[in-house]
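*Asks:* Residues per chain, in single letters:
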Amino acid sequence: MSLTASPLQSLLRSRALAALTSPHGVDRYLEQVNPMWAAHEVRARVVSVRRETVGVDTAPVATLTLQPTATWGGHRAGQYVQVGVDLPGSAKRFTRCFSISSAASAPGEQFTLTIRAHDEGQVSSFLVAQAQPGQMIHLSQAMGDFTLTESPATPTINHLVMISGGSGITPVMSMVRTLLRDGYDGRANRKVTFLHYARSPEDQIFAEELAEIAAGDNHVDVHLRYGDRVFSEFELRRLVPDFRDVDTWACGPGGLIELVHAAYGVDVGSAQGSRLRVEFFKPPMTVSGPAEGQVSFSRSGAGAANTGASLLEQAEALGLEPEFGCRMGICFSCTKTKTEGTVRNVVTGAESSLPDEDIQICVSAPVGDCVVDL
Amino acid sequence: MTITQDPTATATATATATTATTEARVPGDDQLRRLTTEQLDAFGAEMDAIRQRVLGQLGQEDADYIRKVVKAQRGFEVAGRALFYLPPAWPLAVAALSVSKILDNMEIGHNVMHGQYDWLGDPGLNSRMYDWDNVCPGEQWKYSHNYIHHTFTNILGKDRDIGYGVLRMDSDQKWHPYYLGNPVYALLLMVFFEWGVAMHDLEVENIVSGKRSLEDNKAIYPGLMRKIKRQALKDYVLFPALTGPLFPLTFAGNATANLIRNIWAFNIIFCGHFPAGVATFSEEECENESRGHWYYRQLLGSANITGGKLFHVMTGNLSHQIEHHLFPDLPARRYPEIAEEVREICDRYGIGYNEGPLGQQLLSVAKKICRFALPDKKSDLVPSFLRKPAAGTVTETSLAA
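Which chain is which? The protein sequence lines are R and Y, in order. Under the UniProt record's numbering, the letters of the first sequence match residues 1 to 374, in that order. Under the UniProt record's numbering, the letters of the second sequence match residues 1 to 401, in that order.
Just so you know, not all the hints are guaranteed correct.
[As the list claims (entries may be wrong)] Partner residues are not named here, just some residues of chain Y that face chain R (Cβ under 7 Å, in silico):
{"hint": "1", "residue": "71"}
{"hint": "2", "residue": "122"}
{"hint": "3", "residue": "230"}
{"hint": "4", "residue": "233"}
[Unchecked claim] Straight-line distance between alpha carbons at most 25 Å, and here's what the computed BS3-like set of lysine-lysine pairs gives:
{"hint": "5", "chain 1": "Y", "residue 1": "142", "chain 2": "R", "residue 2": "92"}
{"hint": "6", "chain 1": "Y", "residue 1": "68", "chain 2": "R", "residue 2": "92"}
{"hint": "7", "chain 1": "Y", "residue 1": "71", "chain 2": "R", "residue 2": "92"}
Worth flagging that the hints you see were computed from the coordinates, not collected in a lab. Just so it is clear, CB atoms sit at the ideal spot from N, CA and C, and this is done for glycine as well.
Chain R extracted, bound-state conformation (with noise of 0.2 Å):
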């Protein structure tokens, strides 16, 4: 039984509802009664777990196919959600990022996700090896801007170019999907250069969706390149010579994206305003010119010479603990309050020298002397 009938979901999220189960709200009492029964919150059952690359050299990968409860507000190709596991024996809830590989999905719509399990990992490696069909998941709502703009249902000229490295091929994989299902009889309606990096052909995630797209008729080509072979700008000028005033999709390791940044002639975290788009795992660590001045966590009495490296990073490096979540600036997990200094946001390069601010430490890297209550 699953509460998707929206009269009873304008119900579960009246006044009237949040009055009577005051301080506490309707969710906690829902989840007693079924996991699956939700007002607000979004939570999901793992229906299907598929094996995508067993991980020869590389950690394997797999594909978990989510029934999320009915609050689920359904998500746009390219987005990504915040999973939290709560992990067997520690029963500690952990919270990662991930992004969603299946097309757009409507409000309550059954959406996968494509994970590597990557050997620090706790959260990927926990849903990769271990989670089985039952298994219940706590979600945010889709995130993210990193999205497909064109509609899939409107044919235009308009071509777009997908840059993608490893695991990064989820977040654009979504956008092929959707544009092959939505668009007029299984074809993009435009044309889609899609070209991705992986480590080997064994280490390819959809290998045989994507041998069937490049394959078929359908407006996708597909250029994949293993091993060595690292983007190259000669190698997208190509393959698409006017490649600077075509929308562009990219998703991969910071590595990647430090280079495909370096072709479209923008800075890393200034992208606006041109046609490239980016998703990155890891903040691209660039510490523009030399770091200076010393970090201190006034709590611990730890402190050291800044190395340029994020405030989280320098805090590890120091034996600290802080609290960490995805480590990319989306989560809030990481925030602690900074006394005094100034520190740069390492996505957006902005600087800030409010004193008790509170930041970001895993995006943030100071400049200069910084003080940070930890």
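Based on the hints, put chain Y in the right spot on chain R.
*Replies:* Quick look at chain Y alone, frame taken from chain R:
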């Protein structure tokens, strides 16, 4: 440090020993023994070791336990609300709702808001998110309780939980004819305990004494009023209205459940803080205090109530107030196992470990409330020629009478 001992057990009604040294005093059976700085450090290290070990053990069992309690609480609450539709089941409905409110406020609310389960990472059991089913906004309680009370436990002039700014619970609180009403104030505080807890943050006694201005309270009013309105709307308007013609019965039932919770919580908390033998400290004694002295102060400033497993759950494990004061952020379900170790350590250091059954602790608290209604110097009330020299056994009953 002031230790008030049971006058029936010792020759003096109160043994006052205020020292300004770093050395602390320990109540013995008939004399006070000093604990050296080294002993305090060693004692503190043993407490730290317990804390570290338990922190390392936290896991699935603790998570399962607190979720089980939450499930039970929600069950009692829904059952209680539903049973009001059956007028003959009214006592049952009140009982279920009382149990729900007690579990919510004590084993869940108090402990979750202490951050005991923050490590779970579950927003539903997080100290920053949780709010309890009574009129005191959790946000305001956390400041006065977690910070002021648990940091400055039983330091006179700092810990506002000593007598809650209303009662005189210690001989070092200067007597005033106002305190003749001590037993009446205590009775009122018990009946309206949730309101007392909510108003506590307004620091009325500090406003009266001029230490705080009404202006300082302005920031507190909106949150307080919001919470009061929500609680009143739920318990005294909406749920009674939902039972239609049974409105008065449901209204009375909800009020009774709140009253039962008030009486229970008041008594458990007073038995944890104010039985005879519990010590208070002066600000001078606690200046630059060591970790060991902090633990020592926590230990002497609290008392336990003995009882069965269900009793401990219903008190939110605050029947182990000693362990709670020592380790306020460890999950309370761990206190019974920790208590055995703490008791053994106290034995070795010769530190008194104050525990007793509910009836005994209640009686002791009641005596204290009555005794401190009167001035300490018996001469103030009793002419000197009537006092027996040396014996000094002015009994509780004669004073309270």
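*Asks:* Each hint needs a verdict: does it hold in this structure or not?
*Replies:* Each hint tested on the structure:
{"no.": "1", "hint": "71", "result": "holds (6 Å)"}
{"no.": "2", "hint": "122", "result": "holds (5 Å)"}
{"no.": "3", "hint": "230", "result": "holds (5 Å)"}
{"no.": "4", "hint": "233", "result": "holds (6 Å)"}
{"no.": "5", "hint": "Y:142 to R:92", "result": "holds (23 Å)"}
{"no.": "6", "hint": "Y:68 to R:92", "result": "holds (16 Å)"}
{"no.": "7", "hint": "Y:71 to R:92", "result": "holds (19 Å)"}
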